[in-house]
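Protein sequence lines correspond, in order, to chains P and V. Quick note: the first sequence, position 164, residue 164 per the working numbering, numbers continuous. Take any residue in the second sequence, count from 1 to its spot, add 622: that is its number in the working numbering.
Since the hints were derived computationally from the structure, they do not count as laboratory data. One or more hints might be untrue.
[Unchecked claim] Footprint (simulated), chain P over chain V, 3 or more residues, beta carbon under 8 Å: (1) 664-677; (2) 682-690; (3) 709-719; (4) 755-769.
[Unchecked claim] Calculated from the model, a selection of chain V residues having no Cβ within reach of chain P, i.e. all distances over 12 Å: (5) N632; (6) Y660; (7) L706; (8) V732; (9) L747; (10) S780; (11) H849; (12) D862; (13) S882; (14) D897.
For glycine and all other residues, C-beta sits at the position ideal for the given N, C-alpha and C.
Below, each chain spelled out in residue letters.
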Amino acid sequence: MSAQCNSDYNKNQSPKIANYDITVDLDHEGKVAHCHQTLKWKNTSPDTIRSLRFYMYMNAFQDLKSSYLRNSGGKVFGRDIADRSAKEWGHISIDKMLNSKEEDLANNAEYIQPNDGNKYDQSILEIALNTPLLPGETGIYEMDFTTKMPKTIARAGYSQKDFFLFVHWFPQVCVYEQDKHETWGWNSHQFVPGTEFFADFGDYHVTVTASDHLQVGASGCRVSEIKEDGKQVVQFQAHDLIDFGFVVYSEFDVYKSTFRGVEIEILMPPEHCAFADRYRQAIEHGLEYMNKNVGPYPYPKITVVDPPVHALNSGFMEYPMMITAASFYGIPKSVRSVESLVIHEFVHMYFMATLASNEKEEAWLDEGFVTYYEDRITDHFHGEKSSFYNVLGFRSGNAENSRLEYTKLDHSRLGPIAAPGWEIKGPYKGLIYAKTSLVLKTLEGLVGSAAMDKVIQAYYNEYKFKHPKEADFRRITKEVLADVYTGFDLDLFFDQCLHGTEICDYEVVYIENTELNSGNNTKVVLSQNGGLQFPVSVEIIYENGSVAYMDWDGSPGEKVLEYGPGVKIQSVNIDPNNTIALDINFNNNSLTYNPNKKPIVKYAAKSTNWMQTFLEYASFLF
Amino acid sequence: MIQRLKHIWNRTSAHSAESFCIYICQLIFSLLIGLIFYYTVNDNLGQSMALEQLASGFDRTVIMDMINSNENVFSSVLSWVMTLTPIYLIVSTWLQGGLLFNIKKGEIGVISQLKNGIKYLIPFLGFALLSFVLIILLAAIIGLPFKSIIGDPLTTFSSEKPFVISLFILIAIFSVCIIGIWGLSISARYNYIEGAPFWKSIKLGLAFLKNHFFKVLSIGYLLIGIHLLLALIYYLLMGDRGAPSWLIVLFAILVQQLFSIARVFIRSFGYIALDQIDDEFIG
Ligand SMILES: [Zn+2]
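Start from the sequences, fold in the hints, and give me the full structure.
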C-alpha cells in the first residue's frame with residue numbers, strides 16, 4: 001500500500017454529484033457478480049427530479065437485438081459475435097432499490113430508448129422516485145444488482161478461466177444537465193458503437209470479494225486487503241471520478257513505482273515482463289509532459305492493466321485512474337506502438353477523466369485532444385521522425401503516423417468531426433483522432449507553441465472536473481489568443497475545421513520565367529486545391545540566391561503572382577515549415593528549377609539492389 | 623574443415639567469370655527496374671523541394687504523400703517486376719546450368735557456360751518446376767495442420783509465448799525442408815550432367831540427400847548464416863544515411879553492388895560444396 005494513495009487525498013476537486021459505495025461478490029466460475037450499492041445522488045439542477053435514469057450498458061451485450069450490436073454489423077472489434085452460446089452473453093439487472101423510506105423502487109423501473117426507439121434495447125433504465133428530489137437535495141438509495149459478465153466483448157467481460165475486466169458493470173446515473181438551449185433534462189444516450197463516457201463526478205468506495213487466488217486491480221487506491229478462508233476482500237477508494245472499473249486475473253505480476261508523487265501500478269502477465277519498464281517509462285513521460293504543459297495530474301495513482309493475449313480486446317482503453325494497454329511477446333524496443341498506446345491512454349486522464357466532455361456527443365474533444373498530446377509527447381521523447389518505429393532504416397514519427405491516418409482517407413466522403421458518435425460512419429480513427437489532432441496542430445502552427453500551451457492550460461484550469469463542450473473550448477481559445485494573435489478569424493478556423501468537410505492542399509502549379517525583352521511578365525501560380533483557408537507564408541527564391549517571403553491568405557482557388565520580365569525565380573515553397581498540418585500533400589507545396597536529384601538516384605539504386613537481391617534468392621530456390 | 627572450405631573457395635574463385643556473368647545478367651534485369659523507378663519518382667517528385675527531406679534520410683511523409691496523391695504510382699514498377707522475374711528465372715536456369723556443367727566437368731569460362739547451359743535448359747527448368755511444386759507442397763503440409771491445431775492464436779492459448787515459439791520452430795522446420803529441396807535439386811542436375819536420365823537423376827539425388835543429409839544441411843545453414851551476416855554488415859555500414867552528397871550516393875551504390883556480387887559467389891560456393899560431397903560420395 002503506498003503512502004500517497006493511503007493518505008486523505010480527497011481534495012474536493014469536483015462537484016461530487018453521483019457517489020457510489022459498492023460491494024461486489026464475484027463468483028468467478030459462474031462469471032457473475034452479486035453486488036450492493038449505496039448511491040448518493042445530488043440534485044444540482046433547479047428542477048424537481050421525479051425519476052432517475054441509469055446507464056445499464058452491460059445489457060448491450062445480452063443479445064444481438066441491442067442497439068449496440070444491431071449497429072455493429074455482426075462484428076465487434078473484428079470478432080464475430082453471432083455464434084455465442086447463451087452463457088457467453090452478459091446482462092445487468094437491478095433486483096432491489098430502496099429509498100430512505102425503505103420503499104422498493106425497482107418495481108417502478110422501465111427500460112427506455114430515447115435515441116432509436118428499439119424496444120429490445122435495455123441500455124437505459126428509468127426509475128420513478130416515489131419521493132421527488134428537490135433542488136439541492138441528495139437522494140440516498142440502497143440497491144442490489146446482479147452483473148453477469150459476457151465473454152470479452154468491446155473490452156468488458158471475461159476471458160478464459162479467470163480474467164475479468166469490469167467496465168459498464170454497475171447501474172450508473174446518467175447526467176441531468178442543461179442542453180444547448182439551456183433547458184434542463186436527462187442526457188441519457190443508449191449504448192451504441194462509437195460512444196463511451198458521459199457521467200457525473202463523484203466518490204467511489206468499492207469492495208471486491210473474490211477467491212484469493214485472484215489479483216484485483218482498479219481505478220482508485222487500494223485501501224485494505226484481507227485474505228481469509230480462501231477468500232479475499234479488497235477495498236478501493238477513489239475521489240472525483242466519472243466512472244470506476246476493475247480487473248481480476250490469477251496470473252498478474254504487479255510492478256509498483258512512484259513518480260513525482262504519483263503511484264504507478266502495472267499489472268501484467270508474466271510473459272510480458274519485458275514491457276514493465278517500457279510501460280513505467282511511458283507513464284513517467286506522460287506525467288512529466290502533461291504536468292509541465294497542461295496541468296498537474298489530479299489523482300494520486302494510475303493503474304496500468306496489460307491483458308493477456310486471449311483478452312486482447314480488453315486492451316486499448318481508458319477508465320479514470322486505470323488504463324488498459326496491449327502488448328505482444330517479442331515486440332522490439334524500436335517499435336514504440338506499445339509506448340504510444342500507453343501514453344495515449346494516460347492522456348485520457350486529462351481529456352475524459354478530468355475534462356469530462358460528452359464523448360458520445362463530442363468524441364473529438366477527448367480522442368482528438370488525446371491524440372494531439374500523444375503525438376507531442378512521443379515525438380518529444382523519442383524524436384519526430386522515429387518516435388513510432390525505427391526498424392532497419394525505416395522509420396516513422398508518431399505525429400507523422402497520425403497525420404497519415406487522415407491523409408490516407410478518401411477525402412471527398414469525410415464528415416465533420418464535431419458530430420455525435422452515432423453519426424460518424426466510416427473512418428472513426430482517421431477523423432475523430434487524427435483530423436482533430438491535425439486541427440490542433442495547425443492551430444499551434446498558426447499561433448505558435450507557447451500560445452497554444454496557454455490555450456490548453458486555460459481550458460484545463462477552467463473546465464477540469466466539468467463537462468466542457470465545443471463552445472467552451474472556442475471561447476477560451478478566443479480569450480487567450482486575443483492577446484496573442486489577431487491575424488486570422490478563429491471562428492472561420494473552427495467552423496471550417498470542425499463542422500466542414502473540406503480539405504487543404506496547397507500547390508505551386510507552375511513558375512514561368514520570361515526574358516527581359518519578351519514583353520511578358522514572369523509568373524508564379526499558386527493554388528489552394530481544397531476548400532479550407534489558412535494564412536500561409538510563401539518562400540520565393542530567386543535565381544541570384546536572394547530569398548523573399550510573402551503572406552498569402554490561402555483562399556481556395558488559384559493565386560497568380562506576377563513579376564516584371566527578366567525576373568528569374570528558381571524556387572517557390574508554400575508554407576516552408578509545414579505549419580499547416582492539415583495539408584494533405586506536402587510534396588506539391590513547392591516547385592524548383594534546382595531540384596536535389598540525389599535521393600532519387602539513391603532510391604533508384606536501392607530499388608535496383610532490391611531487385612538483384614530478390615532475383616538472387618529466387619534463383620537460389622529454384 | 624578449414625582446408626576443405628579453402629579448397630571449395632579456390633574452386634569458386636576459379637569459376638569467377640561464370641559467377642560474374644550471372645551477376646551481370648541480374649544487374650541488367652534489375653537496372654531496368656531501377657530506371658523505371660527513377661522515372662516514376664522523378665515524374666512525381668522531381669521538381670519538389672520535398673526531395674531535401676529525403677536527402678536527409680528515409681522520410682515516410684514524403685513517400686506516403688506521393689503514394690496517397692497517386693495511388694498507382696508504383697504500379698508500373700510492380701508490373702515490370704512481375705514480368706521480368708519469370709523471364710530472368712529462365713535465363714538464370716540457363717546460366718546456372720552452364721555453371722553447374724563447368725563445375726562438374728572441370729571446364730572454365732563463360733563460353734562453355736553459355737554453350738553447355740543451353741543444352742540443359744529444358745530439363746533444368748523441369749527440376750526448377752519440381753522444386754517449386756515441392757516447396758509449395760511442403761509449405762501446405764507443414765502450415766495447414768499448424769493452423770488447424772493452433773486455430774485463432776489470440777484465443778487458443780493462455781499466452782502468446784508458445785505461439786511465437788512454435789512459429790520459430792515452424793520456420794526452422796521449413797528451412798530444413800528448403801535446404802533439402804535445394805540439395806536434391808542441385809544434386810539431380812549434377813546427375814543429369816553426368817548422363818543420368820531425368821527421373822533417374824532425381825532418384826540419385828534423393829539417395830545423395832539421404833546419405834549426406836547433415837552435410838547438405840550444414841552447407842545450407844552456412845550459406846544462410848553468411849547471408850544474414852552480410853545483411854547485418856550492410857545495415858551497419860549503410861543504415862539510413864540519406865543522400866547528403868554524391869559521394870555518399872556513389873559509395874552506397876558501390877557497396878550495394880559489391881554485396882550483390884558476393885551473393886552470387888556465395889551461391890557458386892554452395893554448388894561447389896555440394897559437388898565436393900558428391901565427388902566424395904561417388905568416390
Ligand atoms: Zn483514446
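To see whether the hints hold, each was checked on the structure:
Coverage of the region 664-677 of chain V by chain P holds [criterion: at least 3 residues with CB-CB distance below 8 Å; count 12]. Using a Cβ-Cβ cut-off of 8 Å, 7 residues of the region 682-690 of chain V lie near chain P, which meets the minimum of three, so the contact claim holds. Proximity of the region 709-719 of chain V to chain P, defined as three or more residues with a beta carbon under 8 Å from a beta carbon of that chain, is established by the 5 residues found. For the region 755-769 of chain V, the assignment as covered by chain P is violated, since 1 residues bring a beta-carbon within under 8 Å of that chain's beta-carbons and 3 are needed.
Remark: the non-interface label on N632(V) is consistent with the geometry, its nearest Cβ contact in chain P lying 22 Å away (cut-off 12 Å). Its beta-carbon lying about 4 Å from the closest one in chain P, Y660(V) breaks the requirement of being farther than 12 Å from that chain. Consistency note on L706(V): stated as away from chain P, yet its beta-carbon is not over 12 Å from all of that chain's, at 8 Å minimum. A cut-off of 12 Å between C-beta atoms confirms that V732(V) is not in contact with chain P; the least separation is 17 Å.
In this structure L747(V) is not separated from chain P by more than 12 Å, as the shortest Cβ-Cβ distance comes to only about 9 Å. Listed as outside the interface, S780(V) is inconsistent with that label: its C-beta sits roughly 6 Å from the nearest C-beta of chain P, within the 12 Å cut-off. Taking the minimum C-beta to C-beta distance to chain P, about 9 Å, the non-interface status of H849(V) is violated against the 12 Å cut. Its beta-carbon lying about 3 Å from the closest one in chain P, D862(V) breaks the requirement of being farther than 12 Å from that chain.
The beta carbon of S882(V) is not kept farther than 12 Å from every beta carbon of chain P, the shortest such distance being approximately 5 Å. For D897(V), the shortest C-beta to C-beta distance to chain P comes to about 16 Å, beyond the 12 Å cut-off, and the non-interface label holds.
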